[in-house]
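Asks: Whenever a hint applies, use it, and build me the whole structure from the sequences.
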Amino acid sequence: MELVNEDIKNNKELYDIDAVDKNIDFRRVKNLKVYFDNNAISLTTDINETEEWQGGDIVVFKKHIGIISDKRNRKGICFVIHHANPYQIYYEEDILEHRDDIIGHYRIS
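Each residue of the sequence shown is one higher than the one before, starting from -4 at the first, in the numbering used here.
Derived from the structure by calculation, the hints contain no laboratory data.
Computed from a predicted structure; not experimentally measured.
For each residue, glycine too, the CB sits at the ideal point set by N, CA and C.
Misleading hints may appear alongside valid ones.
[Stated by the list, open to error] 30 Å max Cα-Cα, derived BS3-like pairs, lysine-lysine:
hint: 1; residue 1: 7; residue 2: 17
hint: 2; residue 1: 28; residue 2: 66
hint: 3; residue 1: 4; residue 2: 25
hint: 4; residue 1: 58; residue 2: 25
hint: 5; residue 1: 4; residue 2: 17
hint: 6; residue 1: 28; residue 2: 7
hint: 7; residue 1: 17; residue 2: 28
hint: 8; residue 1: 57; residue 2: 4
hint: 9; residue 1: 28; residue 2: 4
hint: 10; residue 1: 58; residue 2: 17
hint: 11; residue 1: 66; residue 2: 17
hint: 12; residue 1: 58; residue 2: 4
hint: 13; residue 1: 70; residue 2: 58
hint: 14; residue 1: 58; residue 2: 28
hint: 15; residue 1: 57; residue 2: 70
hint: 16; residue 1: 7; residue 2: 57
hint: 17; residue 1: 58; residue 2: 7
hint: 18; residue 1: 25; residue 2: 66
hint: 19; residue 1: 17; residue 2: 57
hint: 20; residue 1: 25; residue 2: 7
hint: 21; residue 1: 28; residue 2: 57
hint: 22; residue 1: 25; residue 2: 57
[As the list claims (entries may be wrong)] If you anchor each label on the Cβ, the simulated ranges turn out as follows:
hint: 23; residue 1: 19; residue 2: 57; range: 30 to 38 Å
hint: 24; residue 1: 45; residue 2: 11; range: 31 to 39 Å
hint: 25; residue 1: 81; residue 2: 24; range: 17 to 25 Å
Replies: Listed below in structure tokens is the structure:
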């Protein structure tokens, strides 16, 4: 939260924000995408490059974000830990093959 808000404050020209709101800006996918583009290691978005995906990586979808699990399916594709809706039963799910909206894959080091 603090890191994203600080980055927005120091790099306003990178973010598409009219009025800064430190209470919500760090939660918006578009802002987190900019933050990760500038502060994390950018990796492949090709889920079939299975060796490039590691537990703890961050995956950004157009309107959603998840954490890559160390659990993999039979094809070697990682599960995603995420919270998609209030009625979700499992938070670690095999969803990457069913998503066509991956816009970023990052690692923090």
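Asks: Against the structure, test the hints numbered earlier, and report the numbers of the ones violated in rising order.
Replies: 11 and 23
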